[in-house]
Amino acid sequence: MWLFWQFRRLCTKVNTMHDMVLEVVNRLLLPFIQLFGMYILFHGHLSPGGGFSGGAVIGASLILYSLTFRFARVKHRLDHDTSVFFEAAGALIYVAIGFVGLFFGYNFLTNRGVFPLGVPGQLWSSGMILIITLALGAKVSGTILSLFQELLEGGSDEHGNP
Amino acid sequence: MFSLTHAPILMVVILLTAAFIVPLLRKHLLVAKALFLGAGLLVTILSFLVAWNVLENGTMVYNVGGWAAPHGIALVVDAFAAYVSLVISVISLVIFWFAVFAPREVKHEVGYYALILLLTAAMHGIVMAGDIFNLFVFVEISSLAAVAIIAVKGTKESIEASFRYLILSALGSGGLLFSIALLFMVTGHLNMDLMRQTLEVTAGQYPLNVLTALAFMVVGLGVKSALFPLHIWLPDAHANAPTASSALLSGLVVKVYIVALMRIAYMTLGMELFYLLPIRQILLVMASLAIVAGSVFAIVQDNIKRLLAFSTVAQVGYIFLGFSLLSARAVEGAVWHILIHAIMKTLLFLAVGVVIHQSGYKKISQLHGLGRRMPLTFACITLGALSMVGIPGTAGFISKLYLALGALDAGQAIFAVLILLSSLLSAVYYFPLIITAYFGHDASPTVVEPSLAVQLPLVVLAIAVLFYGLMPSILLPLVRQTALLITR
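These protein sequence lines are chains A and B, in that order.
Its first residue numbered 363, the first sequence is counted upward by one per residue in the working numbering.
Its first residue numbered 274, the second sequence is counted upward by one per residue in the working numbering.
Please keep in mind that the hints were generated in silico from the structure rather than gathered at the bench.
As the structure is a computational prediction, the values presented were derived from the model and not from experiment.
C-beta atoms are modelled at their ideal positions from N, C-alpha and C, and glycine is treated no differently.
Take every hint as true, because none was put in to throw you off.
Estimated spans, in silico, between C-beta atoms of each pair:
{"no.": "1", "chain 1": "A", "residue 1": "467", "chain 2": "B", "residue 2": "318", "range": "21 to 31 Å"}
{"no.": "2", "chain 1": "B", "residue 1": "478", "chain 2": "A", "residue 2": "483", "range": "39 to 49 Å"}
{"no.": "3", "chain 1": "A", "residue 1": "483", "chain 2": "B", "residue 2": "410", "range": "29 to 39 Å"}
Same shape as in the complex, but just chain A (with noise of 0.2 Å):
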């Protein structure tokens, strides 16, 4: 029982804490992590990785940005509509590209012929991968934001009543 105690006093205490060590070191940290994300996205049609991967790390680091500091300074910089609207503007970019071979008379999602191919290996090759592997990491890293978002508000509506 008093172990409990303990506990749920350490609990409340994280919950309002605002710890340096963590602040500073994710403060170096971040900028890394995305730009590693940014590397996995842009290298998708390279190297192994693409848009799943590297949305999932950069997905990753807004949560560990938004866990470190505190929601409220988060929440008006990333509020839960912002990653919805990452979530749907990707899928709909990824639609639109497809929709582009469409008004060239090809088949829909068509890349030779369409867009320009580059010289294979080169970063910038490969027509529309490049710009899909964007788009699907826009959405990624919006769907794992929302998720964790969706969690946090504890499936509330949108005014905040459970």
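Based on these hints, arrange chain B on the given structure of chain A.
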């Protein structure tokens, strides 16, 4: 610019795109509703055009990304796919209308619309996929969306039911994926057409793989389509969902998995396997058990929606019976029953949902005299129930007639007797509903009819029941071609 060649992919893409835009319009509910209905209407028009084109010019094959079959992903719209996606789009449009205009049952309306759109897109995808792995992906999307549209109601029962559905349907997905992996091992192809050609050579070399794959496929998709001993998730799930979800799940979703099974087991693995294995006999037994047990369980229900759910178990049995009897007319009957059961069950679920909302009564024994308070709604229910029983002049008669004739063609008259018997059983559980509603004392004089916009889908479906009962010839060419494809 957009010739009809692109229509198959557009049907899936339009619904998916709408599913992604609708959740953004939380603040603009009217725009969201307009988009929801507009997407449904557009897809319905496209599916009519596709069906007409398939009848005129034969099977349409669409290569996504311009890559042909061994490398690319193909959508194949044959008569079967065109027919089923026509059924899906028309019935789902009616349900869309109901979901927009009916009284609100769920908390997040735009999220609900998005889930319905996702489910419909996935169903079109399952039907048209020419690639066995894409079929699996669409099966997954539809299973998850189907679970979500039950849980979205938020009551304790609906969450429990949807959780059970989630677990069992995940088991089914596992079986399906395993069987796809086994088939890929044997053939090296995921494209169904190439798979069939390769299997003609390799099936004899690796018989165990193919047989195991077939077994896992039948069980996996059998769970999802609620074939009798595997149906245990269905009554709770369909009875506790919001009205529009119940109609969608009972009317369409269950059948789409049967279509997937037919596409893989019959049209890809080929008929020869069926003569080597007793799988037809197993399916026949399970279907007959489903018909009898579903009806018997339905008789003892007092909750109206549970009664309808058990009746779905029985009706799924009819469709499996037709497909496993395998005479031309039995298969035609099963193909008819996909459409006709979708109309009848959607009508009944929507009408019963309206009654439950207007009166607050969920049990048959409480309905005394409501037929006089809600004449139009109960007229629709009566028509749907008569059609379920199979009274001549209603749509239900046509499919049962074909099934019974098909059973005689196959030389198994016992199944014709079974169909007759189960018609009597369905009369036993549907007529108390009508009799209590019309002949009881007037217990609830304050109940009124809902608005006209809510009743419109009921009336449309009731007219469709009469229409197909009296003039079934309208869709006959499509049905006949579908049956030919399956029995080929």
